[in-house]
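Work out the full structure: start from the sequences and follow the hints.
Residue numbers (my numbering), protein chains in the order written: chain A, 1 to 330; chain B, 1 to 413.
In short, the hints are calculated from the structure, not lab data.
One or more hints might be untrue.
Claimed, not checked - Restraint ranges, calculated between C-beta atoms of paired labels, are given here:
| id | chain 1 | residue 1 | chain 2 | residue 2 | range |
| --- | --- | --- | --- | --- | --- |
| 1 | A | Val289 | B | Ala275 | 24 to 32 Å |
| 2 | B | Arg389 | A | Asp107 | 21 to 29 Å |
| 3 | B | Asp169 | A | Val289 | 27 to 35 Å |
| 4 | B | Met232 | A | Gly11 | 40 to 48 Å |
Stated by the list, open to error - Covered stretches of chain B (in silico footprint by chain A; criterion: 3 or more residues with CB under 8 Å from a CB of chain A, positions within the stretch not fixed):
| id | stretch |
| --- | --- |
| 5 | 65 to 76 |
| 6 | 99 to 108 |
| 7 | 115 to 124 |
| 8 | 162 to 172 |
| 9 | 311 to 321 |
| 10 | 366 to 379 |
The beta-carbon is built from N, C-alpha and C at its ideal position, and this holds for glycine as well.
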Amino acid sequence: MDTVPVLFLTGLVVGYFVLAGCDIGLGMLMPYLARTPTERRRLVSAAAPYFLGTEVWLVGAVGVVAGLFPELKSALFGGLWPVFSVLLAAWLLRDAGLWFRARIDTDSWRRACDALIVGGSWVLALSWGAVLAGLIAGGAAPSVFTVACTLAVAALFLLRGAAFGAERLVPAEAGEAASADDAGRLTRVLARVALGAAAVTAVAAVLPGAAAIERPLALAAAALVPAAALAATAGLSGPRLSRHTSAVAIGSAPLLAAAAQALPLDGPPAGVLALAGIAIVPLVPLMAVGQVGLYRMLRRPAADTGFFASPPAPALPPRRRAVPDPAIRG
Amino acid sequence: MLDDPLVLARLQFALTAATHYMFVAFTLGLAPYILVTQFIAVLRRDAARMRAVRFWGGLYLVNYAMGILSGLVMELQLGLNWSGLNEMFGYVFGAPLAVETMAAFFVESTFLGLWIFGWDRMGRWAHWACFLVVTGTAYLSAYWVLVANGVLKWPDGFRIEGGEAVLEDPMALVANPSAVMAFWHVASTALLVGGAVVAAVSAYHLARRNDPDRMFHRGVRAGTVMLILGVMPTVITGGTQFSLFGKEPPTAGLTYTADEIEAIEKASDSSVATAFGAAGDMVMMSAWAMISLAAGLLALVWLLRGLSKWRWFLHPVVFLPLLPYAASIGGWVFRETNRQPWVVRGHLTTADAMTDLSPAMALASFSFFTVAFAVLGGATLWLLARFARRGPEGGPLAPAPAEEAEPAPVRTF
Ligand code: HDD
Ligand code: HEM
Ligand code: HEM
Numbered sequence: 001m002d003t004v005p006v007l008f009l010t011g012l013v014v015g016y017f018v019l020a021g022c023d024i025g026l027g028m029l030m031p032y033l034a035r036t037p038t039e040r041r042r043l044v045s046a047a048a049p050y051f052l053g054t055e056v057w058l059v060g061a062v063g064v065v066a067g068l069f070p071e072l073k074s075a076l077f078g079g080l081w082p083v084f085s086v087l088l089a090a091w092l093l094r095d096a097g098l099w100f101r102a103r104i105d106t107d108s109w110r111r112a113c114d115a116l117i118v119g120g121s122w123v124l125a126l127s128w129g130a131v132l133a134g135l136i137a138g139g140a141a142p143s144v145f146t147v148a149c150t151l152a153v154a155a156l157f158l159l160r161g162a163a164f165g166a167e168r169l170v171p172a173e174a175g176e177a178a179s180a181d182d183a184g185r186l187t188r189v190l191a192r193v194a195l196g197a198a199a200v201t202a203v204a205a206v207l208p209g210a211a212a213i214e215r216p217l218a219l220a221a222a223a224l225v226p227a228a229a230l231a232a233t234a235g236l237s238g239p240r241l242s243r244h245t246s247a248v249a250i251g252s253a254p255l256l257a258a259a260a261q262a263l264p265l266d267g268p269p270a271g272v273l274a275l276a277g278i279a280i281v282p283l284v285p286l287m288a289v290g291q292v293g294l295y296r297m298l299r300r301p302a303a304d305t306g307f308f309a310s311p312p313a314p315a316l317p318p319r320r321r322a323v324p325d326p327a328i329r330g
Numbered sequence: 001m002l003d004d005p006l007v008l009a010r011l012q013f014a015l016t017a018a019t020h021y022m023f024v025a026f027t028l029g030l031a032p033y034i035l036v037t038q039f040i041a042v043l044r045r046d047a048a049r050m051r052a053v054r055f056w057g058g059l060y061l062v063n064y065a066m067g068i069l070s071g072l073v074m075e076l077q078l079g080l081n082w083s084g085l086n087e088m089f090g091y092v093f094g095a096p097l098a099v100e101t102m103a104a105f106f107v108e109s110t111f112l113g114l115w116i117f118g119w120d121r122m123g124r125w126a127h128w129a130c131f132l133v134v135t136g137t138a139y140l141s142a143y144w145v146l147v148a149n150g151v152l153k154w155p156d157g158f159r160i161e162g163g164e165a166v167l168e169d170p171m172a173l174v175a176n177p178s179a180v181m182a183f184w185h186v187a188s189t190a191l192l193v194g195g196a197v198v199a200a201v202s203a204y205h206l207a208r209r210n211d212p213d214r215m216f217h218r219g220v221r222a223g224t225v226m227l228i229l230g231v232m233p234t235v236i237t238g239g240t241q242f243s244l245f246g247k248e249p250p251t252a253g254l255t256y257t258a259d260e261i262e263a264i265e266k267a268s269d270s271s272v273a274t275a276f277g278a279a280g281d282m283v284m285m286s287a288w289a290m291i292s293l294a295a296g297l298l299a300l301v302w303l304l305r306g307l308s309k310w311r312w313f314l315h316p317v318v319f320l321p322l323l324p325y326a327a328s329i330g331g332w333v334f335r336e337t338n339r340q341p342w343v344v345r346g347h348l349t350t351a352d353a354m355t356d357l358s359p360a361m362a363l364a365s366f367s368f369f370t371v372a373f374a375v376l377g378g379a380t381l382w383l384l385a386r387f388a389r390r391g392p393e394g395g396p397l398a399p400a401p402a403e404e405a406e407p408a409p410v411r412t413f
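In C-alpha cells, the structure reads:
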C-alpha cells in the first residue's frame with residue numbers, strides 16, 4: 001500500500017514541473033520574446049491563465065508532503081531552509097505580478113509587474129535548481145556541482161517555456177507571429193544549452209567531494225531519460241517534437257533526486273491513510289474534470305484580452321452627485 | 001525583543017494569519033451572494049443580474065489573489081518556522097492540511113479558472129455549476145483548516161508513541177468539537193463580513209445616485225438580509241465555544257503529567273498574550289452588538305422605504321465593514337493567544353515547536369515577509385476599493401470592449 005501515496009506524490013510533483021515549466025519558462029523568456037506592449041500583453045495572457053491551474057499541483061504536493069510524509073518534510077526543509085525561503089519569496093512576487101498586471105492601466109505599473117514576473121520566474125527556476133542540486137548532493141556543501149545543476153535545471157525551464165511559447169504565442173487572428181517563431185527557433189538552441197549544462201553537471205558530480213550520492217548507478221540510469229529527450233530536441237526534430245520532449249526532460253528532473261538518494265518515503269500509518277483516502281478519493285474525478293476542462297478551454301491561441309490582460313478601462317466616474325436621477329428626487 | 005527569534009516567528013505567524021483571514025473571510029462571505037445572484041440570473045435569463053455577477057465576481061477575484069498569496073506563505077511558514085510541530089504532530093496536524101490542499105483548494109482553484117475563462121464559452125448552467133463547486137470547496141477548505149487548528153486547541157484522536165503523535169481515531173479528529181464549533185462560527189461571521197461589504201459598496205453608489213441595472217438597489221437589500229441572517233447564529237455559535245473553556249482535552253496527560261503541565265503554565269509569562277486576547281474578546285463582543293444594531297436599523301429603514309433614498313443614512317453604511325473585520329481579527333487573536341504557552345495544549349509548547357533559527361535568519365525572513373505583505377495587502381485593498389468605487393464599468397471581469405487600434409508595433413530592446 002505504501003506505493004500508492006508515493007505514486008500520488010510523484011504524480012503531483014511531476015505534474016507541477018511539466019505544467020508550471022510552461023508558464024515559468026515563458027516568464028523567463030519574456031524580455032527576449034515579447035518586446036512590444038502588444039507582444040508582452042499576449043505573452044502574459046498566454047502564461048497567466050495557466051499558473052492558476054498549475055500551482056495547485058505544487059500546493060497539493062506541499063500538502064501531501066506535510067500530511068503524509070512529515071519525515072520527508074523535515075529532510076527537505078531542514079537542510080534547505082534558505083533556498084525554500086527564497087523560492088517562496090520569488091513565488092509570491094511572481095504571482096503578485098501576474099495577478100496585478102492588468103489591474104492598472106499605466107505603463108509604469110505594467111513595467112513594474114513585468115519586472116516581478118520576469119525576476120520571479122528566474123529566481124523560481126534557479127531555486128528549484130538549487131533544491132534539486134541540494135537533494136541530489138545529499139547534504140554535501142555547495143560546490144561546482146550545485147552551480148552546474150542549478151543552471152541545467154534553469155535551462156530545462158527555459159526550454160519548456162520556449163516549446164510552450166511556440167504554440168501559444170500565435171495571435172488569435174492570422175498575422176505575423178514573430179514571438180512564436182522566435183520561441184520555436186529557441187527550442188533547438190536551448191536544448192543544446194541544456195544538454196551541455198547536463199554534461200557539465202555530470203562531470204561535476206563525480207569530482208571528489210562535490211556530492212555524496214548514495215546510488216550513483218541509479219542516478220546515471222535515470223539521467224539517461226532527460227538526456228535522450230534533450231538530444232532529440234537538439235538534433236533534427238527541433239521545435240516539432242519539443243512540446244513532448246521538453247515535458248519529458250523537465251518532468252524527469254525531480255525524479256533524479258529520488259533516484260540518487262534514499263529519501264524518507266515511508267508511507268503514512270493506516271489511520272492517516274484512511275482519513276486521506278476517504279476525504280480525497282471521492283473528489284479525484286472532480287479534480288480530473290476540472291483540470292482537463294481548463295486545459296481544453298485554454299488550448300486555443302491566447303486572446304489579447306481577458307482577466308489577466310484586460311484592455312484599457314474607462315476613467316473613474318466623478319466623485320459625487322454625477323448622475324442626478326429625477327425619479328428619486330423629493 | 002526583536003532579537004528573539006521566538007517573538008519574531010510568533011509575530012510573523014500572527015500577522016500572516018490575520019492578513020490571510022481578512023481576505024478569506026471576504027471570500028467566504030461573498031461566494032454565497034454571487035452564487036445566489038448568478039442562480040437567479042441564469043434561471044430568469046436576466047442579463048442585468050449577470051452584469052451584477054460580473055461586478056461582484058471581479059471583486060471576488062482581486063480578493064482571492066491575496067487569499068492565495070497569503071495562504072501560501074502561511075503553509076510554507078508552518079514548514080519553515082515551526083518544524084517542532086511537524087516533528088511531533090506531523091501526521092495528525094498535517095493530514096487535515098493535506099486533505100485541504102488536495103480535496104478543497106486544488107478543486108477550488110481549478111474550477112475558479114474554469115469560471116473565469118469559461119464565461120462566454122460554456123453553457124449557462126455549467127458555468128453556474130463551476131461557481132457552485134468553487135463555493136462548496138471554499139467552505140470545505142475552511143472546515144479542513146479548522147480541523148487542523150482544532151488539534152492545537154483540543155487535541156484528540158491520537159496516542160503518543162516515542163514522543164510522536166500517532167493518529168488512532170480519524171473520527172475523533174474530524175468531529176473535534178473545537179473544530180466543528182469554530183467552523184459554524186466562522187461560517188456565520190463570514191455572512192456578516194459579506195453582508196456588510198455588499199451593503200457598503202451598494203450604499204456608496206446609491207448615495208451618488210449611481211444605480212446601473214438597479215444592482216445596488218438590490219445589493220443593499222441583499223446585504224441587509226445577510227446581516228440579519230448572520231447575527232443570531234454568530235452569537236449562538238460563539239457562545240457555545242465557551243463550553244470547552246476550563247476543561248481538559250481528552251489527551252491531557254499523555255505527554256506531560258498534570259503537575260508538569262501546571263508547572264509549565266505557571267512558569268510562562270504570557271501576560272502580553274493574555275492582554276491581547278482580552279482586547280480581542282472585547283472587540284469581538286462590542287462589534288457584534290454594533291452589527292446587530294446596524295442590521296436592525298437597516299431593516300427598519302427598509303420598512304420605511306428609505307434604503308435607496310436617504311443619503312444621510314447611506315453615508316455611514318459605507319463604513320460598516322470595519323466592524324466585522326475588526327471582530328474577525330479580534331476573535332482570532334482571542335482564540336490563538338488563549339492557547340499560550342502551548343501550540344498544542346498540554347503536549348507541545350510554543351518555544352519547543354520553533355525551528356532553531358539564528359536571530360539573523362529570523363529577522364531576515366520576518367522583515368521580508370512583513371514588508372511584502374504590507375505592500376501586497378495594501379495594493380489589494382486599494383484595488384478592491386478602486387474597483388468597488390468604479391462600479392460595473394471596466395471591472396476586472398467586465399466584457400472586453402471592441403478592439404481598439406493598437407499603435408504600430410515597434411520592437412524595442
Ligand atoms: C464578524 C466577526 C465576529 C463576531 C461579530 C463575533 N465573533 Fe466570535 N470569533 C470570530 C468572529 C466573530 C472569529 C474570527 O471567526 C473566531 C476566531 C476563531 C473562531 O472560531 O472564530 C471567533 C472566536 C470566538 C471565540 C473563541 C473560541 C476559542 O477560543 O476557541 C469565542 C468564545 C467567540 N468567538 C464568541 C463570540 C460571541 C459570544 C460573540 C457575540 C457576542 C462573537 N463571538 C461575535
Ligand atoms: C486555522 C488556522 C490557524 C492555525 C493552524 C494557526 C496556528 C498557529 C501557530 C502554529 C502559531 C504559532 C505558535 C503559537 O504562537 O502558538 C499561531 C500563532 C498565532 N496565530 Fe494562529 N493559526 C491559525 C489561524 C489564525 C488566524 C486566522 C489568526 C488571526 C488573527 C491567528 C492569530 C494568531 C496569533 C495572534 C498568534 C500569536 C499568538 C501568540 O504568540 O501569543 N491565527 N497560530
Ligand atoms: C481561519 C482559518 C482559515 C480559513 C477559514 C481558511 C480558508 C481559506 C480559503 C477559503 C482559501 C481560499 C482562498 C480564498 O478564497 O481567499 C484559503 C487559501 C489558502 N489557505 Fe487558508 N484558511 C485558514 C487558515 C489557513 C492556514 C492556517 C493555512 C496554513 C497552513 C492556510 C493555507 C492556505 C493556503 C496555502 C491557501 C492558498 C490557496 C492555496 O494555495 O492553497 N490557511 N484558505
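(request) Please flag the earlier hints that this structure goes against, numbers listed from lowest up. (result) 1 and 9
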